[in-house]
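Q: What follows is each chain in one-letter form.
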Amino acid sequence: MRKLFAIISVCCIICIGNSFVFVSSKKPTPLAFTIPKGWPQPVYDFKNNPLTKEGFELGRRLFYDGRLSRDGNFSCASCHQQFAAFSTFDHPLSHGIDNSFTTRNAPALFNLAWQKEFMLDGGINHLDVQPLSPITAPNEMGETLENILVKLRRDALYRKQFVAAFGDTTINTQRIMKALSQFLVMLISADSKYDRVMNGKASFNLPEGLGYDIFKQKCASCHKEPFFTDYTYRNIGLNMDTTIRDYGRMRITRNVEDSLKFRVPSLRNVMVTPPYGHDGRFYTLQNVFEHYRKKTPNGGTTDSLLRKGIPLSNFEIGQLTAFLSTLTDTTFLHNKRFALPTGMTLAPAPDAEMHRK
Amino acid sequence: MTILSLYHRYSSHLLKQLAAIFFLTCVLPVLTVAQKKIAILFVNKAGAETLQPGNSYMNAWGETFTVYKFKYYIHNIRFADSVGQYVTVDKAHHLVDAADASSTVIQVNGLTGKRITSIRFTLGVDSVLNTTGVQTGVLDPLKGMFWTWNTGYIYAKLEGKSNISAMPGNIFSYDVGGYKTGESALREITLPVTTDGNITIVADILKWFDSRNKITIATNAVCHEPGNLAMQLADNYRNMFHTVPVNE
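Keeping their order, the protein sequence lines are chains A and B. Note that the first sequence ends on residue 357 in our numbering; no numbers are left out. Note that the second sequence ends on residue 1248 in our numbering; no numbers are left out.
Careful: at least some of the hints might be erroneous.
To be verified - Chain B is faced by these chain A residues, among others (derived, beta-carbon under 10 Å):
(1) Pro50
(2) His126
(3) Ser133
(4) Thr169
(5) Asn172
(6) Arg175
(7) Ser181
(8) Met198
(9) Leu210
(10) Val256
(11) Val288
(12) Glu290
(13) His291
(14) Lys294
What the hints contain is simulated information worked out from the structure, not anything from laboratory work. Using N, Cα and C, we set each Cβ at its ideal position, and we do this for glycine too.
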């Protein structure tokens, strides 16, 4: 009888407790983060945000949800499309809310767990705080964090997903951003033909192999393997677009030495990420090669490696193009785990009528 | 077995449980908290006047301005007794907001059996918290004290309008922060304490314009990033505090 009393007491306490906060009894399922062969340790701090299947799925849903923008039309995925390696297909500058333009070409998203600084000017110092910028920027998603919390807390499925991922019903900025990071760090692109060649599972054909040799000689000092960027900021000798007036890295460091410098972009998946350049001024790779083989303006902050231009013959450009094609990672581009979750629809493309409202 | 007989059988057990609950919730806390609680009250002023968001004031350079927002983070509150050793009594971050009375009072433990002669605290946000992702509570970026494009907290903010400002909408806006070497806007503040009980600290916004550096709205109406101007404003707001002596 005494036992029965104890059991009833315990049950009562649990019931009372549960009426205040719904606590998940199920632990989330850990998600493995596999470092590709030969790659260094990632810089992302997984101890502070352990990867779980539930956290990843929550992040994936947030990434594709237009409700993170003020009018419901702009999800992260509007400007970061999977088939374009999570860059914006065919747009020099992305389109933001209220018929606005962004000032830079949307970068492709992959291998972010190895990246220390974000944005082309490196102004953001942690992956978890990066999404705050596009979400709140008036020319991108234009929403406030308060409104997003209201929208998510109202949604029964989100409430369930936050419990599954983090153990209780709390929905706050930190958890939203941690979930997004869990999705973003899993976007690993390491299965291109180049990678399979490096792992001894495939071999380059003649033009690809010749292109790789030219690449190592003329491009690799900035586009360093295996990430195909050294993550530095450089001025490649582009004149400033006076309609945008973007000084790049200088805006962050306030150092004139950094004027017109932008982060070296990765060349992985480069074939599916046109247009090129920080403001998308190059429509094709041919435009980019033409720029590099021209003598760039001497002086200013133009990179010393580029002042004389990079000598590139038409023949070499052909071989380089063949090599760069081996960096396309179709496994990554078609991976269903990164696609729009089932049951969700992409936010409708905003039309002129919508903007007039 | 009736309910009544059940009650008789287990009533002594029930009473013991109730007594235990009473002891744990009511008696124990009183026994353990022998330390005196002290309230630190921040009173925001513009010179001699109490600061009221929406009201207008004049700085030392004759510039009239209306204040809309005045907020600042403080953390790591320490007390010293007459020996001069500082003891941390509250490490947490607090956001003092002139528009929110509940944010202006901080409860801390006093020094057991000793008289407090000095208070020290840090204005700003610990540098580690500027570089380790999204924080919660008063440090949640939705508090509007966070730069999203150039990561870092705004440590202190004074915003409003002034006809002297040539900025759009005549705004003047001082958002001060910076955690990197050479541009840290963190400032440590040490003040004397002459009272026995609660401590009242006055923060005078007029010092933002006139202390170590001369800041005029005409020349500098906007500070929206770390750097030189932020450092000058930080050197000024470092001196905006004073404690109120017992008789005032």
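Q: In ascending order, which of the hints set out earlier in this document are inconsistent with the structure?
A: 1, 4, 8, 9, 10, 11, 12, 13, 14
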